[in-house]
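Residue 633 in my numbering sits at position 624 of the sequence shown, and the numbers go up by one each step.
A hint or two may mislead.
As the list claims (entries may be wrong) - Pairwise CB distance ranges, derived in the manner of DEER restraints:
hint: 1; residue 1: P445; residue 2: M348; range: 57 to 65 Å
hint: 2; residue 1: T38; residue 2: L171; range: 39 to 47 Å
hint: 3; residue 1: M348; residue 2: S653; range: 22 to 30 Å
hint: 4; residue 1: E575; residue 2: T539; range: 18 to 26 Å
hint: 5; residue 1: G25; residue 2: E615; range: 42 to 50 Å
hint: 6; residue 1: T37; residue 2: G227; range: 15 to 23 Å
hint: 7; residue 1: P570; residue 2: L171; range: 30 to 38 Å
hint: 8; residue 1: G74; residue 2: T38; range: 34 to 42 Å
hint: 9; residue 1: P570; residue 2: A24; range: 51 to 59 Å
hint: 10; residue 1: G310; residue 2: S636; range: 26 to 34 Å
hint: 11; residue 1: L159; residue 2: S66; range: 51 to 59 Å
hint: 12; residue 1: P570; residue 2: D471; range: 29 to 37 Å
If you're looking for bench data, these hints aren't it; they were derived computationally from the structure. Each residue gets a CB set at the ideal place from its N, CA and C atoms; glycine is no exception.
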Amino acid sequence: MSTPLPEHAVKAWIAGFGVAVPRGATATTTAELETAAAGLAPPLVVKAYGPGLLHKSDAGAVRLGLGSAGAAAAAAAEMRDSLAGRGIVPDGFLVEEQAPAGVEVIVGAVRDPAFGPVLLVGLGGVFTEVLRDTALRLAPITEADAWAMLDELRGGALLDGLRGRPPVDRGALVKVLLAVSDMVTALGDGFTEFELNPVICGPDGAVAVDARLVGAAGLEPPGLVPSAPVPSAPAPVTDFTPLFAPRGVAVVGASTKKPTFGNMFLGFYRAAGFRGRLVAVHPTAPDIDGVPCVPSLAEAGPDIDYALVAVPAERCADVVREARGIPFVQVMSGGFREMGHPGLEADLLEAARSAGVRLLGPNCMGVYSPAGGQTFIGGAPGRPGRVAVVSQSGGLAGEVIKVGERRGLAFSGVATVGNSADVTPAELVRHLAADPGTSAIGLYLEDPRDGRGLYEALRAVDKPVVALVGGRSGQGRRAAASHTGGMISDARVWSALAAQAGISLVTSQDDLIGVLDLFDLHGERPAPGTGDVLVIGPSGGASVLAADAFDDAGLELAPLPDAAREALRAMGLGAGSSLANPLEIPVGPRGDPGLVRDAVAAILAERPFADVVAHVNVQSFFTFGDSADPLLAYARSVGELQRSRPDTRVTLVVRNAECAPPGVEDAVRETARRAGVPVYRGMEAAAVAVAAAKRHVRSVHGSA
């Protein structure tokens with residue numbers, strides 16, 4: 010573990026950034042300490058510093074509430090003798106004026122190996138470890154980020170004053186956060202952990218009474234460091250268009266003797282009707298499965314834009330070296346870094362660079378683009394669309410394609426990147442952000458490799474983005490020397506990134522697909538109405554559960570205006586049920602299919618909800634009837650509502666859809682999608698998707 014710099018040196022440095030610290034002095038002997046303390050106002054604090062004193066309180070190297078310089082010297086002498094019994098010889102002592110009591114706050118930062126400096130603020134003192142009430146952001150932060158961090162604290166009421174206590178100066182604490190952001194930005198890679206714990210906050214300001222910096226060799230004088238995010242130098246730009254629409258494809262690894270992954274991919278391209286030039290690479294065969302062969306990638310020809318390599322890991326580098334002139338090579342093979350063989354992956358990357366090609370993978374499946382003829386799944390491709398996905402898992406990407414297309418999604422492009430040894434998710438996000446054929450982006454990530462680049466790319470995207478991150482609990486944080494390090498986890502770093510970049514994080518594949526579905530259909534609707542949600546459908550119990558689901562997603566179901574309730578009563582609603590939000594209306598096989606359309610129109614005339622979620626119990630249509638016609642009529646009515654309200658996002662939830670006869674759910678979904686209405690099987694999935702849409706609109710336009 011690194012030895013921290015002396016506390017007084019760190020405090021002198023942070024004071025240069027405008028952070029208030031107590032008046033104090035240092036001494037190497039108790040006699041010098043008494044002389045130094047004579048100019049300070051009691052009560053005093055004495056601390057020892059030096060090797061072995063990273064956590065001073067745990068070592069008994071702190072004394073508080075000392076009433077005089079003599080008492081401070083005596084405390085230092087006792088401390089020296091006690092530490093000697095532990096085998097610790099301090100370098101010296103720091104004596105300071107004790108700060109007045111206030112609310113204790115922790116402010117710190119950790120240098121994350123993927124994302125760079127990550128800033129944390131939380132309640133200090135006993136709350137630091139017991140409640141772990143903290144908020145995170147990637148540094149550097151903006152002033153808006155700092156205020157948002159304080160608003161996220163569950164115990165934020167302590168800052169506003171309780172039981173007659175005055176509120177603290179939140180503005181002063183915001184300035185401390187911005188200063189720490191500047192500090193760790195100035196340090197760059199030159200630190201491991203940094204912590205002010207506690208910062209004592211009161212009505213007249215904020216004072217850092219303890220400061221710890223680990224992993225820094227020294228400190229430069231404070232410079233002019235901006236408090237706004239500054240992107241790093243732009244990476245070289247690659248045109249990925251030939252990746253998604255290649256003129257020709259070469260497959261390496263097909264066999265004339267036995268089925269291999271190479272043969273499988275040749276079959277996929279043939280089944281997809283690839284219209285470009287398709288070749289297999291084989292040293293002797295004239296053709297494989299009817300596909301003409303070339304002896305090596307070096308002889309593939311100038312019209313081959315993409316090569317897919319499916320040979321054992323130890324052979325891949327040699328194959329890639331022959332790919333000179335081919336823009337993109339994707340290595341499907343596994344057995345590299347992910348299996349404990351980083352050397353093989355380094356050789357592969359070197360081979361790609363020597364050949365002048367961009368490498369996708371290794372350990373990934375391929376690229377899918379119905380419009381461009383790319384595929385890595387069997388069967389005919391789906392219809393071209395405007396949804397793109399970047400995935401570090403080929404298997405999951407295939408599931409997203411198949412399930413998404415079954416639900417009506419259409420893709421512009423899906424790229425799997427596996428280990429991301431060369432081409433990173435950040436690069437592909439930048440490409441897709443500028444692609445006019447893509448309107449929404451989905452991500453599945455595990456180790457982004459260039460986390461800071463990804464963060465900057467996502468901040469620059471104005472299209473809706475949803476991310477599913479795997480392994481957030483499994484990667485684990487490095488051993489921490491500070492409280493800050495112990496409270497920053499991979500999951501929380503991703504949440505901070507999402508908050509700053511304005512993207513949505515989901516926790517399941519189903520929600521990834523569901524959010525992309527809503528982005529696809531509603532992503533370009535202005536939806537200028539209120540930030541809350543209207544929920545309407547049958548069954549009081551289902552409505553109560555709907556309220557819970559939307560509350561869990563951070564969404565509000567605002568009450569209906571009095572005028573709207575009067576209009577609903579005039580329609581004959583409200584007998585036997587309350588006119589509230591969620592609104593219960595009779596929907597079933599014998600009900601009026603147009604009732605939901607008319608009721609919503611009456612409500613929107615009085616309050617312009619940006620989002621309306623209509624739900625229906627599919628089971629009731631087939632328990633009390635045997636025809637799908639009433640259910641389809643209801644779906645058409647919801648579709649008519651959407652067509653009549655182009656500035657409102659309408660979403661349909663078909664509860665208990667498995668109770669419908671085969672094909673009915675698909676027919677309902679198709680009917681609704683034709684009108685631009687996404688369909689979900691449960692309230693929870695709909696709530697996650699609606700929340701994602703609102704988050705995107707807020708990040709781009711500042712409103713719901």
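The hint says 57 to 65 Å between P445 and M348; measuring C-beta to C-beta, is that right?
39 Å, violated
So the hint says 18 to 26 Å: do the beta-carbon atoms of E575 and T539 match that?
19 Å, holds
A range of 51 to 59 Å was offered for this pair. Does it hold for the Cβ distance of L159 and S66?
26 Å, violated
When you take the CB atoms of G25 and E615, is the distance between them in 42 to 50 Å?
57 Å, violated
Within 29 to 37 Å or not, the Cβ separation of P570 and D471?
34 Å, holds
Is 51 to 59 Å a correct range for the gap between the Cβ atoms of P570 and A24?
55 Å, holds
Evaluate the given range 15 to 23 Å for the C-beta pair formed by T37 and G227.
20 Å, holds
Within 30 to 38 Å or not, the Cβ separation of P570 and L171?
At roughly 35 Å between Cβ atoms, L171 and P570 fall inside 30 to 38 Å, so the hint holds.
With respect to the beta-carbon atoms only, verify the hint that T38 and L171 lie 39 to 47 Å apart.
44 Å, holds
G74 and T38, beta-carbon distance inside 34 to 42 Å?
Hint violated: Cβ distance 23 Å, outside 34 to 42 Å.
Quick check on a hinted range of 22 to 30 Å for M348 and S653, using CB atoms only.
57 Å, violated
Can you tell me whether the CB distance of G310 to S636 sits inside 26 to 34 Å?
59 Å, violated
Consistency with the previously given hints fails for numbers 1, 3, 5, 8, 10 and 11, ordered from lowest to highest.
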